[in-house]
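In case you want the letters, here they are:
Protein chains: 2
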Amino acid sequence: MKSVCQKPMNPSSSELRRHNLVKPPPVGVLKMSTTTTKTSTTSSFEEFEATKKLRVLAQQPFDLTTSGNLTAERITKSTTEGAGWRYNYGCQRIDENVLTALEELAIEAGLLDKMKAMQSGEVMNFYNGYDSENRAVLHTAMRDFFDSPNTGKEASAATELARTELNKLKAWGEELDNSGQYTDIVFVGIGGSNLGPRTTFHALEAYKRPDRNVHFVSNVDPDDATWSLRNLDPRKTVVVVVSKSGGTLETATNEEFFRKWYESEGVDPSNHFVAVTGKGSPMDNPSNYWRSFYIWDYVGGRFSTTSTVGGTLLTFAFGFDVWWDFLRGCSAMDKHALTPSVRNNIPLLNALIGIWNHNFLNLPTCAIVPYSKVLWRFSAHIQQVDMESNGKCVNSSGQPLTSPSGPIVWGEPGTDAQHSFFQLIHQSTDVVPVEFIGCKSSQFDNDIEYKGTTSQEKLLANMFAQSIALATGQQDENPAKVFPGNRPSSTFLTEKITPYTFGALFACYEHKVAFQGWTWGINSFDQEGVQLGKVLATRILEFVTAERNGTDGTTDTFPLGEAFWAQLKTL
Amino acid sequence: MKSVCQKPMNPSSSELRRHNLVKPPPVGVLKMSTTTTKTSTTSSFEEFEATKKLRVLAQQPFDLTTSGNLTAERITKSTTEGAGWRYNYGCQRIDENVLTALEELAIEAGLLDKMKAMQSGEVMNFYNGYDSENRAVLHTAMRDFFDSPNTGKEASAATELARTELNKLKAWGEELDNSGQYTDIVFVGIGGSNLGPRTTFHALEAYKRPDRNVHFVSNVDPDDATWSLRNLDPRKTVVVVVSKSGGTLETATNEEFFRKWYESEGVDPSNHFVAVTGKGSPMDNPSNYWRSFYIWDYVGGRFSTTSTVGGTLLTFAFGFDVWWDFLRGCSAMDKHALTPSVRNNIPLLNALIGIWNHNFLNLPTCAIVPYSKVLWRFSAHIQQVDMESNGKCVNSSGQPLTSPSGPIVWGEPGTDAQHSFFQLIHQSTDVVPVEFIGCKSSQFDNDIEYKGTTSQEKLLANMFAQSIALATGQQDENPAKVFPGNRPSSTFLTEKITPYTFGALFACYEHKVAFQGWTWGINSFDQEGVQLGKVLATRILEFVTAERNGTDGTTDTFPLGEAFWAQLKTL
Chain A
1 MKSVCQKPMN
11 PSSSELRRHN
21 LVKPPPVGVL
31 KMSTTTTKTS
41 TTSSFEEFEA
51 TKKLRVLAQQ
61 PFDLTTSGNL
71 TAERITKSTT
81 EGAGWRYNYG
91 CQRIDENVLT
101 ALEELAIEAG
111 LLDKMKAMQS
121 GEVMNFYNGY
131 DSENRAVLHT
141 AMRDFFDSPN
151 TGKEASAATE
161 LARTELNKLK
171 AWGEELDNSG
181 QYTDIVFVGI
191 GGSNLGPRTT
201 FHALEAYKRP
211 DRNVHFVSNV
221 DPDDATWSLR
231 NLDPRKTVVV
241 VVSKSGGTLE
251 TATNEEFFRK
261 WYESEGVDPS
271 NHFVAVTGKG
281 SPMDNPSNYW
291 RSFYIWDYVG
301 GRFSTTSTVG
311 GTLLTFAFGF
321 DVWWDFLRGC
331 SAMDKHALTP
341 SVRNNIPLLN
351 ALIGIWNHNF
361 LNLPTCAIVP
371 YSKVLWRFSA
381 HIQQVDMESN
391 GKCVNSSGQP
401 LTSPSGPIVW
411 GEPGTDAQHS
421 FFQLIHQSTD
431 VVPVEFIGCK
441 SSQFDNDIEY
451 KGTTSQEKLL
461 ANMFAQSIAL
471 ATGQQDENPA
481 KVFPGNRPSS
491 TFLTEKITPY
501 TFGALFACYE
511 HKVAFQGWTW
521 GINSFDQEGV
531 QLGKVLATRI
541 LEFVTAERNG
551 TDGTTDTFPL
561 GEAFWAQLKT
571 L
Chain B
572 MKSVCQKPMN
582 PSSSELRRHN
592 LVKPPPVGVL
602 KMSTTTTKTS
612 TTSSFEEFEA
622 TKKLRVLAQQ
632 PFDLTTSGNL
642 TAERITKSTT
652 EGAGWRYNYG
662 CQRIDENVLT
672 ALEELAIEAG
682 LLDKMKAMQS
692 GEVMNFYNGY
702 DSENRAVLHT
712 AMRDFFDSPN
722 TGKEASAATE
732 LARTELNKLK
742 AWGEELDNSG
752 QYTDIVFVGI
762 GGSNLGPRTT
772 FHALEAYKRP
782 DRNVHFVSNV
792 DPDDATWSLR
802 NLDPRKTVVV
812 VVSKSGGTLE
822 TATNEEFFRK
832 WYESEGVDPS
842 NHFVAVTGKG
852 SPMDNPSNYW
862 RSFYIWDYVG
872 GRFSTTSTVG
882 GTLLTFAFGF
892 DVWWDFLRGC
902 SAMDKHALTP
912 SVRNNIPLLN
922 ALIGIWNHNF
932 LNLPTCAIVP
942 YSKVLWRFSA
952 HIQQVDMESN
962 GKCVNSSGQP
972 LTSPSGPIVW
982 GEPGTDAQHS
992 FFQLIHQSTD
1002 VVPVEFIGCK
1012 SSQFDNDIEY
1022 KGTTSQEKLL
1032 ANMFAQSIAL
1042 ATGQQDENPA
1052 KVFPGNRPSS
1062 TFLTEKITPY
1072 TFGALFACYE
1082 HKVAFQGWTW
1092 GINSFDQEGV
1102 QLGKVLATRI
1112 LEFVTAERNG
1122 TDGTTDTFPL
1132 GEAFWAQLKT
1142 L
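Each protein sequence line maps, in turn, to chains A and B. When the letters of the first sequence are read in order and numbered with the working numbering, they come out as residues 1 to 571. When the letters of the second sequence are read in order and numbered with the working numbering, they come out as residues 572 to 1142.
Warning: the hint list may mix true and false statements.
Under the rule of at most 27 Å between Cα atoms (straight-line distance), these lysine-lysine pairs were calculated in the DSSO-like manner [unchecked claim]:
| # | chain 1 | residue 1 | chain 2 | residue 2 |
| --- | --- | --- | --- | --- |
| 1 | B | Lys-779 | A | Lys-440 |
| 2 | B | Lys-831 | A | Lys-440 |
| 3 | A | Lys-170 | A | Lys-153 |
| 4 | A | Lys-208 | B | Lys-807 |
| 5 | A | Lys-534 | B | Lys-648 |
| 6 | B | Lys-1140 | A | Lys-440 |
| 7 | A | Lys-114 | A | Lys-335 |
| 8 | A | Lys-496 | B | Lys-1140 |
| 9 | A | Lys-451 | B | Lys-831 |
| 10 | B | Lys-685 | A | Lys-451 |
| 11 | A | Lys-279 | A | Lys-451 |
| 12 | A | Lys-569 | B | Lys-906 |
| 13 | B | Lys-906 | A | Lys-534 |
| 14 | B | Lys-831 | A | Lys-279 |
| 15 | A | Lys-496 | B | Lys-1105 |
| 16 | B | Lys-1022 | A | Lys-569 |
| 17 | A | Lys-77 | B | Lys-850 |
| 18 | B | Lys-1011 | A | Lys-534 |
| 19 | B | Lys-741 | A | Lys-260 |
| 20 | B | Lys-685 | B | Lys-1022 |
| 21 | B | Lys-1105 | A | Lys-260 |
| 22 | A | Lys-208 | B | Lys-831 |
| 23 | A | Lys-569 | B | Lys-741 |
| 24 | B | Lys-648 | A | Lys-569 |
| 25 | B | Lys-779 | A | Lys-260 |
| 26 | A | Lys-114 | A | Lys-52 |
| 27 | A | Lys-496 | B | Lys-831 |
| 28 | A | Lys-440 | A | Lys-170 |
| 29 | B | Lys-906 | A | Lys-260 |
| 30 | B | Lys-1011 | A | Lys-569 |
| 31 | B | Lys-741 | B | Lys-1011 |
| 32 | A | Lys-236 | B | Lys-906 |
| 33 | A | Lys-335 | B | Lys-1140 |
| 34 | A | Lys-77 | B | Lys-1022 |
| 35 | A | Lys-451 | B | Lys-1105 |
| 36 | B | Lys-1067 | A | Lys-451 |
| 37 | A | Lys-534 | B | Lys-1022 |
Honestly, the hints are just simulated from the structure, not real lab data. Note that the structure is predicted; figures quoted are calculated from it, not measured.
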């Protein structure tokens, strides 16, 4: 079998070779599976006419450092709005020709139709011709309670199921209030069951109920769970365990950690453990859990914050009204993402500009830099949403990609970042496109004037200055003081980080990622790449258990794993 | 003047153009400065014989997926030790020829001599022929109190000054203990005055005194300072303000925020505000500060954790003994970094392997993934140390680099990361080299056995499994389940994260960055790239102030800044 993955960024051999641990797979032509019902609608990214145009345009991209190119008028004009946000792309290396070609790319790739299809509940998570999850992708249905609800059969059915869970959630919230017993929540989940809810919690912590405290446990590292026990009283605590399958290693282990803690403290765990899981999973068991809230296969982990996954945590911490406003903001962006005009559709435009930077200007990463301390985990959440969705090397027909898929996404808040990695962004040999996020007002509305300006003004002035400095650069006689410039950035602006605006921003990036995935022709909704590590970890643990129990000989050998494990013994 | 910066990763125009905001600089041949005393010892990276050899070797790099290449024996053999750590490079794409060429590169670039020179106090922060900071680089002298102290005149003088401050710090710590008044510290500083101390605090939080609480304020965002006020009593609080120059915008603003808070609470700020600053700076003023601790120009911000910058915070939080052990660990790694044998010198070997991945295998980023939750901010700290040091585009003779300088450094802890961005690392079109960090024992020693193994064993099994999975990959009939493999990683192992081992790890990365910078011939110790943004932010703030005060006309216009600012008004 020939290579199915090419590595265009890597000049070294791109040929795939069987790894030497598992049985060789049957060699032969890739077979069509009979289980897939969906036919492909995917053309290859490189075959689009627009792609060819953009390749030509990329040979002489718009130069932000050319006198007269980056003007005040351009900044004023290069803007669009929706769902409480303004998006400014004046400091991107695009001109009218590129914008037009990107619009054509959106049409050729059928991006708006795909967004409509996704929101209506069509099967979007599939590989054409191969076994796959073969599912709808319906995180938007989890919040479709507001304007212009989707009328698709699958979508509206999913929304009704979500509404049932929301009502259960609301009733549970009232029960918690009435009991007055619970002050703390321990939220046990990993990946999508951690980063999104956690990021949202921090973004909106100003709205937290003063009588409620929140603790997260995600990592299988026992120090993570131990640390959360500080000042915790099991009688006053709710432990929410989140796992769709009911079998995530880290989550099951940490649940056991807390169950043992309840036992050691002599507290009955009834009325303390809550499950968020799929119907019929091993965790869907009323004898083990006070309450069970459901999630569904058509809501992927990294897209699950607006389901009961985030709902349990955030209604506990903030109350139902804040949660509802957050959903309202997400939903507003879902509707905005259907805007047919590319230039007026923020997530679509941002997606296309990202593709311009990544696939045509060959910039391998993308930095997300919010100028708001409350968004300090936002980049980590989007890092997951983006990289777990679009870090693939085959398209949804199983063909190898010949152009890079999703970028490496990273970032930290500004102004902190200015004193950290911005040196590289300004003066390195490598260019990093930046997405700035800023708000007119602070969240707590507690500010001082110092040397004639408020802190919030200083914050925003710095954000705008960075964007301009990256674009224009600066010449100097001293080479160490030269800024090459011509480094692209976009800016998101809103009035203030509220549940509504944060929800809209949150959904905006979910849709950016989906639009980009469809452009590259990949399936953004599975994560097969996490499986091999799990399998090999299990093999190492089998070896460790066998060694401990003296049952050597019954376990398959795993020389590489054993060699690594042996490194521990001589430390 | 011709371009001084080339952008080898970016196919677009590399020509520098003057940005349209400032006066054109005088055009002409680059002039020699008369103020520089240091002569260049820098050869060009591309001219080294070893570089040429490595370019040839990179055409057919060692293939980890070839049967018989990655063996248990290789893993066992590819290891070296020092200062409490073991470094394993068995899963890197290097063979004996590459290792030999990397050793030759180290010799040609004079890396060990430069490390010796740095630790002895020679001027290492300079540009040959241009105005520059022209300073020694002596963070190692801040902790040279243990074995084999450096006998260099500048180094030992710096160590004696540091000892004086340490004695002041110890005395202050005893005074705090005796008074019993202080329960909380607010640590005001940004960049190097925040990330290193903060990362260290979290890494060692298990050692925190139960009677002491810690709060960090870095960002000029007023929400950052406001948030830190929760549950804070000014009478019981110490506010430490860190700024070498005494004029960092964010820090000065946040100091003012806290002074106003003391005023509004009616509490005398005497015996509450502590300065960490350069001798003679505006902050070196006993009438404003209870105590002043000194730092020096030869300790850069990102390298300042082991000076009084970290010392004030960490002795308050942990007590002096923990601080002393942390310094001992750093110093042990400083001595280890002088090990002449490349293969037995961890930071040097890690630096060279990083260069192999970055400059020869063309991998633009480097992920640092600690399998320890207490190291959850370690990647953010190293991101700063590395990217602010080596994100440059000229060498220390002011010549443009023709090969990429420092990588983009990023990461989050495992196993969390496995459920986030590892999808991309395993299956993307792009390849990301990973540096894993693991420890045999957890920090709190509070673990459970579940399904036959402890959580710590599960954690380590996952880390080793990821390294193996990345290296070997896996073939499959279903293209979505194929893992290309041949993706490089290294693994750091220690017994446990203690003050000593954490100190050694901390210093190990400082030295990696220095070794890499010298190899590329760049000055890793300045940060000119942060200046332009500051200048432009000031211009925007002048405009904002003028507009507020109705003094338009006296301020220079700044159309780009004004256009951005206008975007706020219509939100």
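These are the hints, each one checked on the structure:
1. B:Lys-779 x A:Lys-440: 38 Å, violated
2. B:Lys-831 x A:Lys-440: Holds. Lys-831 of chain B to Lys-440 of chain A sits at ~23 Å (cutoff 27 Å).
3. A:Lys-170 x A:Lys-153: 26 Å, holds
4. A:Lys-208 x B:Lys-807: 25 Å, holds
5. A:Lys-534 x B:Lys-648: 26 Å, holds
6. B:Lys-1140 x A:Lys-440: 9 Å, holds
7. A:Lys-114 x A:Lys-335: Answer holds: Lys-114 of chain A to Lys-335 of chain A is near 14 Å, not above 27 Å.
8. A:Lys-496 x B:Lys-1140: 13 Å, holds
9. A:Lys-451 x B:Lys-831: 14 Å, holds
10. B:Lys-685 x A:Lys-451: Roughly 44 Å between the alpha carbons, so the hint for Lys-685 of chain B and Lys-451 of chain A is violated.
11. A:Lys-279 x A:Lys-451: Between Lys-279 of chain A and Lys-451 of chain A the Cα gap is close to 59 Å, so the pair fails against 27 Å, i.e. violated.
12. A:Lys-569 x B:Lys-906: It holds: about 25 Å lies between the C-alpha atoms, which stays within 27 Å.
13. B:Lys-906 x A:Lys-534: 39 Å, violated
14. B:Lys-831 x A:Lys-279: With a Cα-Cα distance of about 55 Å, the restraint between Lys-831 of chain B and Lys-279 of chain A is violated, given a limit of 27 Å.
15. A:Lys-496 x B:Lys-1105: 24 Å, holds
16. B:Lys-1022 x A:Lys-569: Cα-Cα ~22 Å, so holds.
17. A:Lys-77 x B:Lys-850: Judged against 27 Å, a Cα distance of about 49 Å means the pair is violated.
18. B:Lys-1011 x A:Lys-534: Holds, at about 20 Å.
19. B:Lys-741 x A:Lys-260: The hint is violated at about 42 Å.
20. B:Lys-685 x B:Lys-1022: Violated. Lys-685 of chain B to Lys-1022 of chain B sits at ~52 Å, over the 27 Å cutoff.
21. B:Lys-1105 x A:Lys-260: Distance of about 54 Å is beyond 27 Å: violated.
22. A:Lys-208 x B:Lys-831: 26 Å, holds
23. A:Lys-569 x B:Lys-741: 38 Å, violated
24. B:Lys-648 x A:Lys-569: 15 Å, holds
25. B:Lys-779 x A:Lys-260: 26 Å, holds
26. A:Lys-114 x A:Lys-52: Judged against 27 Å, a Cα distance of about 22 Å means the pair holds.
27. A:Lys-496 x B:Lys-831: 25 Å, holds
28. A:Lys-440 x A:Lys-170: 33 Å, violated
29. B:Lys-906 x A:Lys-260: 45 Å, violated
30. B:Lys-1011 x A:Lys-569: 9 Å, holds
31. B:Lys-741 x B:Lys-1011: 33 Å, violated
32. A:Lys-236 x B:Lys-906: Roughly 51 Å between the alpha carbons, so the hint for Lys-236 of chain A and Lys-906 of chain B is violated.
33. A:Lys-335 x B:Lys-1140: Satisfied, since the Cα-Cα distance of roughly 25 Å is no more than 27 Å.
34. A:Lys-77 x B:Lys-1022: 61 Å, violated
35. A:Lys-451 x B:Lys-1105: With Cα atoms ~15 Å apart, Lys-451 of chain A and Lys-1105 of chain B stay inside 27 Å; holds.
36. B:Lys-1067 x A:Lys-451: Not satisfied, since the Cα-Cα distance of roughly 48 Å exceeds 27 Å.
37. A:Lys-534 x B:Lys-1022: Satisfied, since the Cα-Cα distance of roughly 15 Å is no more than 27 Å.
Checked against the numbered hints above, the structure violates hints 1, 10, 11, 13, 14, 17, 19, 20, 21, 23, 28, 29, 31, 32, 34, 36; every other hint is satisfied.
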